[in-house]
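Bring the two chains, given one by one in their own frames, into a single complex with the hints.
Chain by chain, the residues:
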Amino acid sequence: MSKEAVLHLEGLSKSFGDKVALSNISFSVNQKEYVSLLGPSGSGKTTLLRTISGFETPQAGRVTLAGRDVTSAPAHDRGIGFVFQNFALFPHLSVFDNVAFGLRNRAQPVPESEVRSKVLEMIDLVGLQGLARRGTHQISGGQKQRVALARTLVTRPKLVLLDEPLGALDANLRQRMRTELRNIREQLDIPFLHVTGSETEALAMGDRLIVLDNGRIGQDGAPDEIYNRPASANVARFLNRYNVFDGAFEGDAFVTKYGSFPYASRVTGGESAYAIRYDRLAARPVGSAPGSNLAATYVTSEYLGSSLVHLFETADGKVVEVEHHLSNGPPDAYEAGHAYALTWKSEHGIAFG
Amino acid sequence: MTVANIAAPAKARVKTRAAKGLGVAGTYLLLAPAMVWMTLFLVVPMAMIVYVSFWTQSTFKIDSTLTLASWRTFFASDTYINSLWTTVRIWLIVLVTTFLVGYPTALYVGLFVKNKTLQTALLVVCVIPFWTSFLIRVLAWRPMLGKEGAINILLMKAHIISQPIEALLFTELSVVIGMTQIYVVFMVGPIAFMLGRIDPSIIEAARDLGADFWRILRKIIFPLSLPGVVVGAIFVSVMVLGEFATSAALSGRKVNLLGNIIVTQVGSLKWALASVVGVILTVIMGLVIAGLLRVVDLKKEL
Numbered sequence: 020m021s022k023e024a025v026l027h028l029e030g031l032s033k034s035f036g037d038k039v040a041l042s043n044i045s046f047s048v049n050q051k052e053y054v055s056l057l058g059p060s061g062s063g064k065t066t067l068l069r070t071i072s073g074f075e076t077p078q079a080g081r082v083t084l085a086g087r088d089v090t091s092a093p094a095h096d097r098g099i100g101f102v103f104q105n106f107a108l109f110p111h112l113s114v115f116d117n118v119a120f121g122l123r124n125r126a127q128p129v130p131e132s133e134v135r136s137k138v139l140e141m142i143d144l145v146g147l148q149g150l151a152r153r154g155t156h157q158i159s160g161g162q163k164q165r166v167a168l169a170r171t172l173v174t175r176p177k178l179v180l181l182d183e184p185l186g187a188l189d190a191n192l193r194q195r196m197r198t199e200l201r202n203i204r205e206q207l208d209i210p211f212l213h214v215t216g217s218e219t220e221a222l223a224m225g226d227r228l229i230v231l232d233n234g235r236i237g238q239d240g241a242p243d244e245i246y247n248r249p250a251s252a253n254v255a256r257f258l259n260r261y262n263v264f265d266g267a268f269e270g271d272a273f274v275t276k277y278g279s280f281p282y283a284s285r286v287t288g289g290e291s292a293y294a295i296r297y298d299r300l301a302a303r304p305v306g307s308a309p310g311s312n313l314a315a316t317y318v319t320s321e322y323l324g325s326s327l328v329h330l331f332e333t334a335d336g337k338v339v340e341v342e343h344h345l346s347n348g349p350p351d352a353y354e355a356g357h358a359y360a361l362t363w364k365s366e367h368g369i370a371f372g
Numbered sequence: 080m081t082v083a084n085i086a087a088p089a090k091a092r093v094k095t096r097a098a099k100g101l102g103v104a105g106t107y108l109l110l111a112p113a114m115v116w117m118t119l120f121l122v123v124p125m126a127m128i129v130y131v132s133f134w135t136q137s138t139f140k141i142d143s144t145l146t147l148a149s150w151r152t153f154f155a156s157d158t159y160i161n162s163l164w165t166t167v168r169i170w171l172i173v174l175v176t177t178f179l180v181g182y183p184t185a186l187y188v189g190l191f192v193k194n195k196t197l198q199t200a201l202l203v204v205c206v207i208p209f210w211t212s213f214l215i216r217v218l219a220w221r222p223m224l225g226k227e228g229a230i231n232i233l234l235m236k237a238h239i240i241s242q243p244i245e246a247l248l249f250t251e252l253s254v255v256i257g258m259t260q261i262y263v264v265f266m267v268g269p270i271a272f273m274l275g276r277i278d279p280s281i282i283e284a285a286r287d288l289g290a291d292f293w294r295i296l297r298k299i300i301f302p303l304s305l306p307g308v309v310v311g312a313i314f315v316s317v318m319v320l321g322e323f324a325t326s327a328a329l330s331g332r333k334v335n336l337l338g339n340i341i342v343t344q345v346g347s348l349k350w351a352l353a354s355v356v357g358v359i360l361t362v363i364m365g366l367v368i369a370g371l372l373r374v375v376d377l378k379k380e381l
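Protein chains in written order, with our numbering: chain U, 20 to 372; chain C, 80 to 381.
In isolation and in its complexed conformation, chain C is listed as follows (with noise of 0.2 Å):
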C-alpha cells in the first residue's frame, strides 16, 4: 500500500518528463535500478513472510504444505495475544512519552534559540549517543535504574527515599524509559525541523492580536509544527512497534513483545509461526502509518 503511494506521484513525475523528450525507454531505464531493487529487497521478501506463514511447521521440519495451523496457534494462545497487547500498549506510551520529552526539547532548540549555529550545535548534542552502539546505550541503563544503581543512591542518599525502588527495572517502566531515551530524538529532529519553518513575524502577529504564550503555542504553534509531530511518530512507531532488545535487555524476560516473539520461533527455527508474527507486525505498521498520514497532507506541507 505505501509502496504505491510513493510510486503514483514518481510515476507522474517521470511522465512529465518524458513527455519533454526522455522516451519510454529512458523513463523505464531511470526506473530500473530502484523497481529491481525494491522488488528483489521487499516485495519478494514481504510475499515469501506472507507465503511461510501458512507452511507446515512440526517440531524439526518445515514444508510448503499450506496450513492455517501456525495463524490458529497464534490466535488460540494467550501468551500470543497477550504479547501483541503489550506491544501495542508500550507502543503508545512510548509514543507519548517520547512526544512529551521531545515537543518542549524541538520548541526550545527549533524556536527559542535564534541562533542557527547554536540550533545545529544542539541537534548534534542530540545525535551524539548514537556514536556508541544501540545495545550499550540499552544496557548503560541496568547500572543507572538497578537497585543498588545511580538513582536508587542519589535517591537514598538525598534521603528522598529510605529503601530502593526496586520497580525501576526489569518492569515495564524500565522498557518506557530506555526506549524513550533511544527514539527521543527521532521525535525532536522533525519537529524541530518544522518549528525552525515557522516565520517568527507570524508568532509576533499573534502576540500583537493579544493572544499570550500558551495561546499561540496551542492555535499557531502546535498546528504549524503538526507535520513534523506526525513524521516523528511515524519513525517512533516503526521502530518500537519491531523492538526486541530493549525489553529482552531491560525487562528481564517479563516483557514480551511481538518482535521478541519472533527472535524466539526464529532462534527455535519455527518459521512459520514467525513469519505469522511477521505479518501481523507489519499489518500493525501498515495501519498506523495510514492513520498518521490521515492527519496532515505530508506532500502539501513539506
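For reference, chain U alone in the conformation it holds in the complex (with noise of 0.2 Å):
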C-alpha cells in the first residue's frame, strides 16, 4: 500500500446467493488520481462502487480509508462522495438546498452563515450561477449532473464515487462533461473512481484504468497500456477495438478454424484466445499478399468521421472490423459480396493463455 493511497482495497469478495459478484477484488486509489473502472454490465462494478461506499458490505476483504478501515462503517460516517446515474437530487428541495444538504446535515452540522458562501462557491466551480434558487425540475439533465457533483464535491470527500455519471446524458453534452469532470477534479485534488460501461469513457477518463470481469480484476494499468497490451482476451473485447478469435495453441502456432495465426507475443494463463486491432488490418484482393491471411467476404463501412470502420464477415458469420485511419490516406474501396483476404503483421497479434 503506498504512503498517498487514500483508498486501499484488499480481496474484497461478495457473492448474491449463488452469484458471485465480487471475487477477490485488491486494488488501490491514490491523491490526485483519476481512475476509470470499465466493465461490462454484470461485472460487479456497481456493485464494487456500493460496496466501497458502505451501501453494501462485503463478504470478505477490507476497506480502507485514509488509513483508517471503514469496512463495516456505515455510509454516512465514511467521507465518500458518491454520484449516482440517475443524479438522485432532492426533488422537493431547491438547487442550493440540495447542494447544502450534505453542510446542514451531517453530524456535525456547518454554521448557517458559511454554508451560503460554501454552496455559493461550489454552485459557481460547477458552472451553474444563477440557478441556486431554481427547483430541481426547472434545470436541464447536464445541469442536474452538476447539482449532483456539487452537492457531494461541497462536503469535501476523500474520495468521489461516480457511478455512470455521463450515462444519462446526450451524447454532445457527455463529451463536455467529460472535460468539466477533469477539470473541475483538477480543481479539488480530490481522487475520483469513475465507474463506466463505455470503452471510450473510460479510455479517454481515466489516468488508470482498471477492467473487470466477472467480477475480478481483469487489469490495472494506464490506458494505453491497457489499449496497447490486453491483458485477457475479454479485456479485450471489452474494449471493442479488437477481433478476437477462439482457438488453440499447437506448437509454436495459434490455430483458429479460419486458420493458423502466428503471433509475436503471448500472454499465459487464462482462456486461448488470438487478438488483433481493428486498425492492424488491411484488406487485400485474395491470393496477392504475404503474411497472416484470413479469407472474408467485405459486408459494408461505417463511417466514424476520422477513420471508417469496414466490416468484413467469415464464412461460418463472423463479423470481423478493419479500421482505416483517414489520416493515412484515402480508403480502399470494396465490393459488397466479394472475398478479400486480411493481413496482418505477425507483431501485431496477441495470442492468449
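Take the hints with a grain of salt, since some may be wrong.
As the list claims (entries may be wrong) - Computed beta-carbon distance windows for the label pairs:
#1 C:Ala369 to U:Ser136: 37 to 45 Å
#2 C:Phe209 to U:Gly154: 34 to 42 Å
#3 U:Gln78 to C:Thr211: 44 to 52 Å
#4 C:Ala369 to U:Gly154: 24 to 32 Å
#5 U:Glu205 to C:Lys379: 34 to 42 Å
#6 C:Leu109 to U:Val39: 56 to 64 Å
#7 U:Asp208 to C:Asp291: 26 to 34 Å
#8 C:Lys236 to U:Asp88: 48 to 56 Å
#9 U:Ser34 to C:Leu101: 58 to 66 Å
#10 C:Lys379 to U:Asp208: 53 to 61 Å
#11 U:Glu205 to C:Asp291: 30 to 38 Å
To be verified - Simulated crosslink set (DSSO-like; lysine-lysine; CA at most 30 Å straight-line):
#12 C:Lys333 to U:Lys163
#13 C:Lys298 to C:Lys193
#14 C:Lys298 to U:Lys137
For the record, the hints were derived by calculation from the structure and aren't laboratory data.
Note that the coordinates shown come from a computational prediction; the quantities given were computed from them, not determined experimentally.
Just so you know, even glycine gets a beta-carbon here, dropped at the ideal spot from N, CA and C.
Have a look at this one:
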C-alpha cells in the first residue's frame, strides 16, 4: 500500500446467493488520481462501488480509507462522495438546498453563516451561477448532473465515486462533461473513481484504468498500456477495438478454425484466444498479399469521422472489423459480397492462454 | 366550493378536446351524465338541507315558513355547543392517533419492505378487517375493553394491575380507540403509496452526504410523503367528523358527536334542527379540507 493511497481495497469478495459479484478485488486509489473502472453490465462494477461507499457489506476483505478501516462503517460515516447515475437529487429542494444538504445535515453541521458562502462557491465551480434558487424540475439533465456533483463535492469527501455519471446525458453533453469533470477534479485534489460501461469514456477519462471481468480485476494500468496490450481475451473484448478469435496453441502456432495465426507476444494463462486490433488489419485482393491472412467477404463500412470501419464476414458468419484511419490516405474501395484476404503483421497479433 | 375546484380543470381539459374537433355539442354530451348525477344527488340535497334548516318546526309538524328559530336553538344550547367541541376534539385526537399509528406502519410497508409482492400482501392484510361489517368491528371492541374484557383479564393475569381498569370502556378513550382502529388504514394507504414512489437512491444519496436516519426521515422522507399524509388526513377527517356509530356503541351515550345529534333529531322527526347540524358539519368539513389542501398542492404532487 503506497503512502499516498486514499482508498485501499484488499481481497474484497461478495456474492448474492450463487452469483459471485466480486471475487478477491484488491487495488488502491492514490491522491490526485482519476481512475476509470470499466466493465460490461453484470461485471460487478456497481456492487464494487456500493461496497466501497458502504451501501453493501463485503463477505470478505477490507476497505481502508485514508488509513482507517471502514469495512463495516455505515455510509454516512465514511466521507465518500457518491454521484448517482440518475443524479438522485432531492426533488422537493431547490438547487441551493440540494447542495447545502450535506453541510446542514451531517453529524457536525456547518454553521449556517458558512453554508451560504460554501454552497455558492461550489455552485460557481460547477458552472451553475444564477440557478441556485431553481427547483430541480426546472433545470436540464446536464445541470442536474452538475448539481449532483456540487452536492457531493461541497462536503469535501476524501474520495468521489461516480456511477456511470454520463450515462443519462446525450452524446453532445457527455463529451463536454468529460472535460468538465477532469477540470473540476484537478481544481479540488480529490481522487475520483469513475465507473462506466463505455470503453471510450473509460479510456478518455482515467489517469488509470481498471477493467472488471466477472467480478475480478481483468487488468489495472495506464489506458494506453491496456489499449495496446490487453491482459486477457475478455479485456480485449471489452475494449471493443479487437477482433478476438477462439482457438488453441499447437506448437509455435495459434490455430483457429480460420487458419493458423502467427503471434509475436503471448500472454500466458486464462482463456485461449487470439486478438488483433481493428486498425492493424488491412484487406487485400485474395492471393496478392503475404503475411497472415484470413478469408472474408466484405459487407459494409461505417464512417466514424476520423476513420472508417469496414465490416467483413467470414464463411461461418463471424464479423471481423477493419479500421482505416483517414489520416493514412483515402480508403480503398471494396465490393460488397466479394471475398478479400485480411492481412496483418505477426507482431501485432496477441495470443492468450 | 370543492365542486367548483374539481370542475374547473376538467372543463379546461374538455375545452382543449373541443378545440381538436369534438365540437361543443360533444363536450356537453360527455359532461352531461356527471353533471346530472352531481346536480341530483349533491347540489340539490345540499341546497335542500340549507333550506330546511330555516323551516319552522313545532312538536308534531314542520312547515316551510322561514325562521331562524332552529339556528337560535342550536347556538343557545350548551348541549349542542358542547357536542360541537367534542366533535372537533375527537376529530383532532383521532387525526393524531391515526397518524401516529399509521405513519410508522406505512413507513414499514412502503419503504422498508423492498419486495413488491410482500408490500401488496401487507396492504391487503390492512384491509382484511373490512371483510366484516362496520358495526361488528365496532362492537367487537366491547368484549376487548370491558371491565371483564380481554385486556383487563390479560393485565390482571400478568399481575400488572390488581383492579380492572374501568376507564377503558364507555368513555371518550374507548371511542378514540375504536375510531383509530377503524380509520387508521385510510391513513396508511395514501402514505404507503407516496413512500413507495420515493426513489431509493435519493435516500442513499442523503445517507452518503452524512445524514443519519432521523435527519433523513425529517428532511427527505417526511416532506416527500406529505401529500400522502394530507390525503390520508382528508379521508380520516371526513369520516370521523360525520361519525355517530362508534360513539353510540362504545361511549355508552356519554360522548355525543354532531353526528349523534343528527341521528337523534331525525329519529324524533326534528328535521329543521337536524338540518342546522348538518349544515354546520358540512361547513366544518369544507374548512378542514380547504385547510389541508393548502398544505400541499396535490395536483402538482400526484
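Now for the hints, and whether the structure bears them out:
The supplied range of 37 to 45 Å is met by C:Ala369 and U:Ser136, whose beta-carbon atoms lie about 42 Å from each other. In this structure the supplied range 34 to 42 Å holds for C:Phe209 paired with U:Gly154, their Cβ-Cβ distance being about 39 Å. Taken as a hint, the range 44 to 52 Å holds for the pair U:Gln78 and C:Thr211, whose Cβ atoms sit roughly 48 Å apart. Against the hinted window of 24 to 32 Å, the Cβ-Cβ separation of C:Ala369 and U:Gly154 comes to about 25 Å, which satisfies the hint.
For U:Glu205 and C:Lys379, the hinted distance range of 34 to 42 Å is satisfied, since their beta carbons lie about 41 Å from each other. Our hint of 56 to 64 Å for C:Leu109 and U:Val39 holds, since their Cβ atoms are close to 59 Å apart. Evaluation of the 26 to 34 Å hint for U:Asp208 and C:Asp291 yields a pass: the beta carbon distance comes to about 28 Å. As the Cβ distance of C:Lys236 to U:Asp88 is approximately 52 Å, the hint placing it in 48 to 56 Å holds.
Between U:Ser34 and C:Leu101 the C-beta distance comes to about 59 Å, which sits within the given range of 58 to 66 Å. As the Cβ distance of C:Lys379 to U:Asp208 is approximately 42 Å, the hint placing it in 53 to 61 Å is violated. Under the hint 30 to 38 Å, the C-beta atoms of U:Glu205 and C:Asp291, about 33 Å apart, fit the expected range. Between C:Lys333 and U:Lys163, the direct Cα distance comes to roughly 59 Å. Violation of the 30 Å bound is thereby established for this hinted pair.
For the proposed pair C:Lys298 and C:Lys193, the alpha carbon gap of about 21 Å is at most 30 Å, so the pair holds. At most 30 Å may separate the alpha-carbon atoms for a hinted pair to count; C:Lys298 and U:Lys137 meet this at roughly 20 Å.
Consistency with the previously given hints fails for numbers 10 and 12, ordered from lowest to highest.
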